[in-house]
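In case you want the letters, here they are:
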Amino acid sequence: MSKENLILEIENLVVNYELEAETVRAVNGISLSLEKGKIVGLVGETGAGKTTTALSILKLIPDPPGIIKNGNISVDGQDIIHASIEEMEVIRGKDVSMIFQDPMTSLNPVFTVGDQIAESIEIHEKISRNEAFKRAGEMLEMVGIPASRATEYPHQFSGGMKQRVVIAIALACNPKLIIADEPTTALDVTIQAQVLSLIKDLIEKNNASMLLITHDLGIVAEICDEVAVMYAGRIVEKGTLEDIFNNTKHPYTEGLFNSLPNIDDRNAILKPIKGLMPDPTNLPRGCSFAPRCDYCTDICEIQPENRMISHTHSVACSAYENPEFSIVRGSK
Amino acid sequence: MDNHRSKHKSIRTEKETSRQHRNELWYRFKKNKGAMLGLFIIVFLVLVALSADFLLDYKTDVIGQNLKERLQSPSLTHLFGTDELGRDLFFRVIYGARFSISIGVISVSIGLITGTFFGAIAGYFGGYIEEVIMRITDIMSAIPSILLAIAIVTALGASTLNLMIAVGVASIPEFVRITRASVLMVRNQEFIEAARALGVKEWKIIISHVLPNALAPIIVQTTLTTGSSIISASGLSFLGLGVPAPAPEWGSLLSAGRKFIRGYAYLTLFPGMAIMFTVLAFNLMGDGLRDVLDPKLKQ
Amino acid sequence: MLRYILRRIFLMIFVVLGVSFVVFFVINLAPGDVLSKIAPEDATLEEVEALRVELGLDRPIMFRYLDYMKGFVKGDLGKSYITGDDVFKTYMAKLPATLKLAFASIFVSILISIPLGIMAAKNRGSWKDNVSMVAALLGLSMPNFWLGLLLILLFSLKLGWFPTGGAIGFKSLILPAITVGTGLAALLTRTVRSSMLEVIRQDYLRTARAKGVKEKIVINKHAFKNALIPTITIAGTQLTRVLGGAVITETIFAWPGVGRLILDAVYSRDVTMITGCIILKSITISIILLIVDLLYAAVDPRIRAQFAKGGK
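Protein sequence lines, in the order shown, are assigned to chains L, E and B. Numbering of the first sequence is given in this note's numbering, commencing with residue 2 and proceeding in unit increments. Numbering of the second sequence is given in this note's numbering, commencing with residue 72 and proceeding in unit increments. Numbering of the third sequence is given in this note's numbering, commencing with residue 258 and proceeding in unit increments.
This is chain L alone, in the form it adopts within the complex (with noise of 0.2 Å):
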């Protein structure tokens, strides 16, 4: 896997929310690659720091309280971490482009959706803002809005409508990479489905890449080509597709698996994940998941090393210490 074939690179990655009593520890030292034309899911429960991830490469952290503490971000070989703010307003929207959770407060209310779109290519094509306007119309055509609504104002569409202009804003420069955040949860399930395969859709038609940010392992399934699990600011479990769905081997995947219903055997019961997230002002030592962990014992208490169970997937877990160990599912 050499470098220049990679679209985005973080390295040990550390944000913090520094408030007035408290630090709020986001983000704990993740890692994570990103291939030119793929896409790659990051999966974990609210509050496990994935947004916080996804702002970071684009340095939008709201600032303060938000501090990236350390660690290394780069897009296409080019370094944020040091970018000035000059500079990351270049590669906003240009290099890469984000696409939001709510459709509804992501929109200007008092711009018309095409400008809202053009602004992305007046700033980034140096073209006039007539040519801008026309291209905006084109972006909404694209994802399936007629132009002729480009001068309506966000209030006029419907919350899927809105999701749409908002990949319109997002793709309208053709960047490199997309961060998708829970681009489909505001919506309602009937249009989750259309939305996903539009963005699919456009990314291939693009030649882009994606990191797909997501609570839903089934929209997973469906997009991603490889997978990140991240739990309490950290990721636990990486692999491709195969390696997370088929051979699991964090025990917390394995629950996240167990939490969902299964259509085929209806008679199972739901397994959910006992308990709730550590407090991240207060994350335990060792292993974040211990304390929700059914095969917890005294080694967890330090905190766990990646380890490579084949070239691509790893897992941070120590149970792996002892190599007699098994999670449930994995052995099915």
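You can trust all of the hints, since none of them are fake.
DSSO-like mimics (lysine-lysine), calculated; alpha carbons at most 27 Å apart, straight line:
hint	chain 1	residue 1	chain 2	residue 2
1	B	K471	L	K70
2	L	K206	L	K39
3	B	K482	L	K127
4	E	K104	B	K379
5	B	K478	L	K60
6	L	K127	B	K478
Restraint ranges, calculated between C-beta atoms of paired labels, are given here:
hint	chain 1	residue 1	chain 2	residue 2	range
7	B	R265	L	E23	49 to 59 Å
8	E	M256	B	L356	36 to 46 Å
9	E	P145	B	V391	23 to 33 Å
10	E	E261	L	Q157	30 to 40 Å
11	E	K101	B	K482	36 to 46 Å
12	E	K102	L	E36	52 to 62 Å
13	B	I262	E	A252	22 to 32 Å
14	B	I262	L	Q157	21 to 31 Å
15	B	N477	L	G145	32 to 42 Å
Now the stretches of chain L that chain B is said to cover, found in silico as 3 or more residues with beta-carbon under 8 Å:
hint	segment
16	96 to 106
17	119 to 132
18	154 to 167
By construction, these hints were calculated from the structure, which means they are not laboratory data. Even for Gly, the Cβ is constructed at its ideal location relative to N, Cα and C.
Using the hints, position chains E and B against chain L.
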């Protein structure tokens, strides 16, 4: 029997939580430096106003003329100097606190009582009554309050009482609006429905359930309006439409000092400062109360 | 939109009728008798009564009001008891000066409040924020007649930069405009700040930043246009107070506007003049408020859409 006891218990806990709630509000208020400063100035002014009669003899110290000492600059004998009739400006400003504070308080009471009464009725009953009250409010607020006050003073004649009435009446519309809005918010909540379902009389519901819960914005408005009423009242006095001479109302003092602004600037400086600090105190406290009572607004 | 404007004009007519009713009754129920002021000193009782009949003051107040309104619709608000001048014409002659002062004050207040409010919100909690907020609070607490006197003291008497009063040239406009504008500026600064703070947390600013929009534009265009909506509302509701407050300022600076006209009329108990001017001034303000409301719709497309549907 059992039922009775549990009802009793719930009332007690309700009282306890409301006391707890009050303690917390007071704690938050104490932490707000501006609000505490405002409260301190207000308490100080009220004490000055109350004790002015004991400290000063109105006939000699406040309105007694002493032409030998006319227009003297501020000094240790006359802290704020003397006016064109040799009266000590410091004494007059001190005594003037009586006017500003009492005019502020009484005129706001007029606005508050009338405004909340009609506002609560409009908000609670809605429909035809609300329509009538709100349209009258619209009409009244279309007349700038100072002009409405001028009209009233013109009709009734310039006197302290009429000034209070004029300024008070002019502040009614805002109280009607704010009360109505907050009553509307409270009215549809479930505990009101519950009280109604229990057969509690309407006026009792308004007084004991709706108003207390709609109180926060009204309290804030009262404090802020006291400040602006003091400005309006001293403005009218400044124009000669308020407290008649020789009473040392701050606005009148300013208006008298204005004639001597060339050369005797202190005569305009001190009364104006007195007005400003008083109004500032009410504004500080109003802001503080708003932050305390409505944390959402602060953010 | 047209329907909305028509509706607003209809409501305005209703308010104007109400205002005229209230003002007419308040002033004419005055216990003081105008006649004592306008009748010659040596007039006999009979002569005074004759004058009363001549002026129509012997008739019940309701009839007098109806007569007044008959004239009103024709633009005839009667003649001054004192000078004999036509009330409407006199008002109209003084109106331009007042409007000039009003617009200059609004201009001054916008010039101060928008940059200050945005700066305060952007640097929330910093010394910049604190200084602006203290300044705004002082501005709100300062009676404008005192501020006017202080400005005269400093800029006219000490420095000699501006005249102490009158309306000769642009120079004489500056001090009165600052006097009236300061109160409004203080209020607007607070409003701009608090609405910016509300807007600054919104997701759509993050979207704008993610597009690569420059931070300055994110704040001054994307955020500010949204913050403008509540700002205009507040400015609108406070306009009445500010324009009313101009009455005293006009007196201090000997500004030849409506405010002084009204006060002169009050001092001479010129009842027709007072009544007419207060009614006309209220109408003027209602018209300005209507314009503010339309401006509001121009900024907020959601409201515009509501109008288009013919709703409220």
